[in-house]
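Trainee: Put chain B on the given structure of chain A with help from the hints.
There are 2 protein chains.
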Amino acid sequence: MPAAHEPIHEIIRAYRAAILAKDVEGFVDLYAPHVRVFDTWGVWSYEGRPAWREMVRGWFASLGDERVGVDLSDLQIAVATESAVVTAIVTYSGVSAEGDVLRSMQNRVTWVLAREGARWRIVHEHTSAPVGFDDGKVILQR
Amino acid sequence: MPAAHEPIHEIIRAYRAAILAKDVEGFVDLYAPHVRVFDTWGVWSYEGRPAWREMVRGWFASLGDERVGVDLSDLQIAVATESAVVTAIVTYSGVSAEGDVLRSMQNRVTWVLAREGARWRIVHEHTSAPVGFDDGKVILQR
Numbered sequence: 001m002p003a004a005h006e007p008i009h010e011i012i013r014a015y016r017a018a019i020l021a022k023d024v025e026g027f028v029d030l031y032a033p034h035v036r037v038f039d040t041w042g043v044w045s046y047e048g049r050p051a052w053r054e055m056v057r058g059w060f061a062s063l064g065d066e067r068v069g070v071d072l073s074d075l076q077i078a079v080a081t082e083s084a085v086v087t088a089i090v091t092y093s094g095v096s097a098e099g100d101v102l103r104s105m106q107n108r109v110t111w112v113l114a115r116e117g118a119r120w121r122i123v124h125e126h127t128s129a130p131v132g133f134d135d136g137k138v139i140l141q142r
Numbered sequence: 001m002p003a004a005h006e007p008i009h010e011i012i013r014a015y016r017a018a019i020l021a022k023d024v025e026g027f028v029d030l031y032a033p034h035v036r037v038f039d040t041w042g043v044w045s046y047e048g049r050p051a052w053r054e055m056v057r058g059w060f061a062s063l064g065d066e067r068v069g070v071d072l073s074d075l076q077i078a079v080a081t082e083s084a085v086v087t088a089i090v091t092y093s094g095v096s097a098e099g100d101v102l103r104s105m106q107n108r109v110t111w112v113l114a115r116e117g118a119r120w121r122i123v124h125e126h127t128s129a130p131v132g133f134d135d136g137k138v139i140l141q142r
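Protein chains in written order, with the numbering used here: chain A, 1 to 142; chain B, 1 to 142.
What you were told as hints is all true, and nothing was included just to trick you.
Note: identical chains are not told apart, hence a pair may lie in one copy or across any two.
Derived pair list, reagent style SDA-like, types lysine to any residue, alpha-carbon separation capped at 20 angstroms: (1) 137 with 43; (2) 22 with 64; (3) 137 with 42; (4) 137 with 106; (5) 22 with 97; (6) 137 with 127; (7) 137 with 44; (8) 137 with 104; (9) 22 with 72; (10) 22 with 12; (11) 22 with 93; (12) 137 with 105.
What the hints contain is simulated information worked out from the structure, not anything from laboratory work.
Looking at chain A on its own, in the form it has when it is part of the complex (with noise of 0.2 angstroms):
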């Protein structure tokens, strides 16, 4: 793996980490203060942090004693000096208390990062998954 990879490595593992406890705050301070969210779901688009953390709020809230695992596939990283774009397809996986895995769908993911001095935020997401041109509706498992 190039050394650059590494700190966008960082923020996936922090990511993943953050979902899976749950962490309102500790999601919401991979994103930068401006970011730019484009969600698969129901919204055209979140401004800012505090749009973002009030979704985020909403969803873990809405887990029960549900957790969620991320799992990346297909990914590219492209690194520079200041700025780095990922591009991945993503599992989140719906986890019982007791660790069974009770659903599953897929997105793809587009995140744009800068970097912010030592660390790295994220300053816009994107998250789809394809329609069906005839339905029009979303498919969630490739």
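Mentor: Using the frame of chain A, we list chain B on its own:
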């Protein structure tokens, strides 16, 4: 407008012009050979220009004597030395041979561009529209 943004606006103009003219090669020339496209419709990922060319060829061929107009709003551009990121809401309008707007739909678009010597090309495109939580149907108007 910052001078650094001018080559990016040039790409956007060329994107609109190639779609309006249904110019397959002009369109594909805006993309880097190893482009990765996460498109709104039906397919998880197009990997590389040949795969993307086939999609575009089919799209333009399906239009008959209609043409497609492209408008961007909520545009954000970030340019670094060798890369740039564009996010926006894009409206695609189907226009009849007589000039009447027959239909339109909106998408979110993310473009990542890289500089190759004097010119810029799109190395990653992600388009999507949000999906309704309750019915899983794509929402094509903001």
